[in-house]
Amino acid sequence: MDNTLRRTPLYDLHLELGGRIVEFGGWQMPIQYTSILAEHQAVRQRAGLFDVSHMGEIEVSGPGAGPLVDQLVTNWPTQLEVGAVLYTPMCREDGGIVDDLLVYRLAADRFLLVVNAGTTAKDLAWVSEQAARLASPASVTDRSSAVAQLALQGPRAEAILDPLLTADLAALPFFHWLKADDLFGHPALISRTGYTGEDGFEIYLGAKAAEPVARGLLRAGAAEGLTMVGLGARDSLRFEACLPLYGQDISDTITPLEAALGVFVKWDHDFIGKEALLAAKERGLTRRLAGLRLGQRAVPRHGYPVVADGEVVGEVTSGMISPTLNQPLALALVPPRLAELGSRLAVRIREQDIAAEVVKRPFYRRARN
Amino acid sequence: MDVPEDLRYTADHEWIRVDGGRGRIGLSAFAQDQLGDIVFVELPKVGAAVTAGSAFGVVESVKSMSDLYAPVSGTVVAINQSLADHPEQVNQDPYGRGWMIEVEMSQPKELDALMSSEAYAQSIQSAGH
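Those sequence lines, one after another, are chains A and B.
Convert by adding 87 to the 1-based position in the first sequence; the result is the number in my numbering.
Convert by adding 21 to the 1-based position in the second sequence; the result is the number in my numbering.
Keep in mind the hints are simulated off the structure, nothing from the lab.
Some clues are possibly wrong.
Said to hold, decoys possible - Taking CB as the label site, the calculated pair distances span:
1) A:Arg431 <-> B:Ala105: 20 to 26 Å
2) B:Asp114 <-> A:Glu103: 58 to 64 Å
3) B:Ala76 <-> A:Asn413: 52 to 58 Å
4) B:Thr72 <-> A:Val350: 36 to 42 Å
5) B:Asp54 <-> A:Leu252: 35 to 41 Å
6) A:Ala363 <-> B:Gly68: 36 to 42 Å
7) A:Asp181 <-> B:Asp88: 37 to 43 Å
8) B:Gln102 <-> A:Val350: 41 to 47 Å
9) A:Asn413 <-> B:Lys66: 22 to 28 Å
10) B:Lys66 <-> A:Ala125: 40 to 46 Å
Claimed, not checked - Taking beta-carbon pairs under 8 Å as the criterion, some of the chain B residues facing chain A (in silico):
11) Asp58
12) Val60
13) Phe61
14) Leu64
15) Pro65
16) Lys84
17) Met86
18) Asp88
As the list claims (entries may be wrong) - 25 Å max Cα-Cα, derived SDA-like pairs, lysine to any residue:
19) B:Lys84 <-> A:Asn413
20) B:Lys84 <-> A:Ser338
21) B:Lys84 <-> A:His389
22) B:Lys66 <-> A:Glu146
23) A:Lys266 <-> A:Pro449
24) A:Lys361 <-> A:Ser338
25) B:Lys84 <-> A:Glu110
26) B:Lys84 <-> A:Phe351
27) A:Lys353 <-> A:Tyr120
28) B:Lys84 <-> A:Ala328
29) B:Lys84 <-> A:Lys361
30) B:Lys84 <-> A:Tyr120
31) B:Lys66 <-> A:Gly382
32) B:Lys84 <-> A:Pro449
33) B:Lys84 <-> A:Glu146
34) B:Lys66 <-> A:Glu245
In this text, a Cβ means the ideal position worked out from N, Cα and C, and glycines have one as well.
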């Protein structure tokens, strides 16, 4: 395997646990340990532990930090209280998506941007470039190498993690974070966030703490059925929950409005790309993300044509046979008039047009108490 | 990895079990393991012609799609219908319930070009690790 690829601090643990290593976003990551489907079900039914240390972390601080992050993203980070987190697209001037990310408000003038692995270098350059334009100073620091990240996801995640902390995890609301001083002897930042559609946590640690904490969690969670989960199930879990994957459902040639992420665009503040998005809205969109269910068993995949009345009208951005629902489902960009619920389309798979219907997104929504 | 001795193999990881003029065809244990969870198998119809070395169907796992190549030429006389609803049988029992098609061979001599279990076992050892 290409030795310019990077490894997370858990690489040896992945090998020890039988992880099958693939290249992803410039990293050597486990795609599965046992079976993608088994790992998927473990997260839906019990709990799974993911190494997501390949994700990038960019810290923005200083008097200009608030104005800078507000400029950078379509959502509105300075509206957050300290202790809260938001999800947001980050756009170019033309409205295309540079990346999608989480923004943590660490302090009044300190924010943590958690970005995709494959885009970290691009994002860092972009954020630094914008910082240089601002009147008030903000420092931009790449923390990616120093920070490891684990995701603990699934209905039993809280029951596993709570006894290990002095803080009351049950009191931590969705999209909020807290600091733990002693998670198996290591400090950690823990947020109730995730990329699976389940309840769960993302745990940020110093790189050296990753392995002992991962081992500790696996031990502590064994009785609850905690399982290591690779990137394969991470993709199928996020797909069912209709959480976009950068480079697949969204990219620098797709806008947040097209990607049905309009709810994360806050028009009451200024941000890069706002004019382009407003103009696009004014003109009317030419394509929009829709959820499709195929009428027969087949596997729709990224890039497959979407057809209406024999003509290609769009394409699949993500698709698979949903492990939870056991149905062939797809996300696709299609003309807005064809994106309405119940709309009849087809997906072209190996020259054959398989009938499909626009259905509600997300495909999977967890039962809440 | 299990490589039964009574079968012959292609470099593309299909196996064939010969019984008279017919051959039953499937995917090796090594191949199903490499593919991971198989979620869909597309097979030809009974009566279709298949050609040695050409694709006769498709197997899709969660992450990838691969063509299935015919070890021999001939006419499809049976397909494993149960794979339509239970493609996971290819993972669970690749040489048994995971079989794919049965072919009436038109050129049985083609069998000579296939690998013995020994040769195949060796080839996956050098390819896999």
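For each hint, the structure was consulted:
1. A:Arg431 <-> B:Ala105: 20 to 26 Å: Between Arg431 of chain A and Ala105 of chain B, where Cβ atoms are some 24 Å apart, the hint holds.
2. B:Asp114 <-> A:Glu103: 58 to 64 Å: Given range 58 to 64 Å: violated, Cβ gap about 29 Å.
3. B:Ala76 <-> A:Asn413: 52 to 58 Å: Violated, since Ala76 of chain B and Asn413 of chain A (Cβ atoms, about 27 Å apart) do not stay within the stated range.
4. B:Thr72 <-> A:Val350: 36 to 42 Å: 53 Å, violated
5. B:Asp54 <-> A:Leu252: 35 to 41 Å: Roughly 39 Å apart at Cβ, these two residues keep to the hinted range, so it holds.
6. A:Ala363 <-> B:Gly68: 36 to 42 Å: Between Ala363 of chain A and Gly68 of chain B, where Cβ atoms are some 57 Å apart, the hint is violated.
7. A:Asp181 <-> B:Asp88: 37 to 43 Å: 40 Å, holds
8. B:Gln102 <-> A:Val350: 41 to 47 Å: The hinted range 41 to 47 Å holds for Gln102 of chain B and Val350 of chain A, with Cβ atoms some 46 Å apart.
9. A:Asn413 <-> B:Lys66: 22 to 28 Å: Once the Cβ atoms are compared, 25 Å apart, the range 22 to 28 Å for Lys66 of chain B and Asn413 of chain A holds.
10. B:Lys66 <-> A:Ala125: 40 to 46 Å: 33 Å, violated
11. Asp58: 4 Å, holds
12. Val60: 5 Å, holds
13. Phe61: 5 Å, holds
14. Leu64: 12 Å, violated
15. Pro65: 13 Å, violated
16. Lys84: Since chain A brings a Cβ to about 6 Å from Lys84 of chain B, closer than 8 Å, the hint holds.
17. Met86: 7 Å, holds
18. Asp88: 10 Å, violated
19. B:Lys84 <-> A:Asn413: With a Cα-Cα distance of about 16 Å, the restraint between Lys84 of chain B and Asn413 of chain A holds, given a limit of 25 Å.
20. B:Lys84 <-> A:Ser338: Distance of about 21 Å is within 25 Å: holds.
21. B:Lys84 <-> A:His389: 11 Å, holds
22. B:Lys66 <-> A:Glu146: 59 Å, violated
23. A:Lys266 <-> A:Pro449: 31 Å, violated
24. A:Lys361 <-> A:Ser338: 17 Å, holds
25. B:Lys84 <-> A:Glu110: Distance ~13 Å between Lys84 of chain B and Glu110 of chain A Cα, so the pair holds.
26. B:Lys84 <-> A:Phe351: 30 Å, violated
27. A:Lys353 <-> A:Tyr120: 40 Å, violated
28. B:Lys84 <-> A:Ala328: At roughly 18 Å apart (the allowed maximum being 25 Å), Ala328 of chain A and Lys84 of chain B satisfy the hint.
29. B:Lys84 <-> A:Lys361: Outside the cut-off at roughly 36 Å; violated.
30. B:Lys84 <-> A:Tyr120: 14 Å, holds
31. B:Lys66 <-> A:Gly382: 20 Å, holds
32. B:Lys84 <-> A:Pro449: With a Cα-Cα distance of about 21 Å, the restraint between Lys84 of chain B and Pro449 of chain A holds, given a limit of 25 Å.
33. B:Lys84 <-> A:Glu146: Since the Cα atoms of Lys84 of chain B and Glu146 of chain A sit roughly 34 Å apart, the hinted pair is violated (cutoff 25 Å).
34. B:Lys66 <-> A:Glu245: 51 Å, violated
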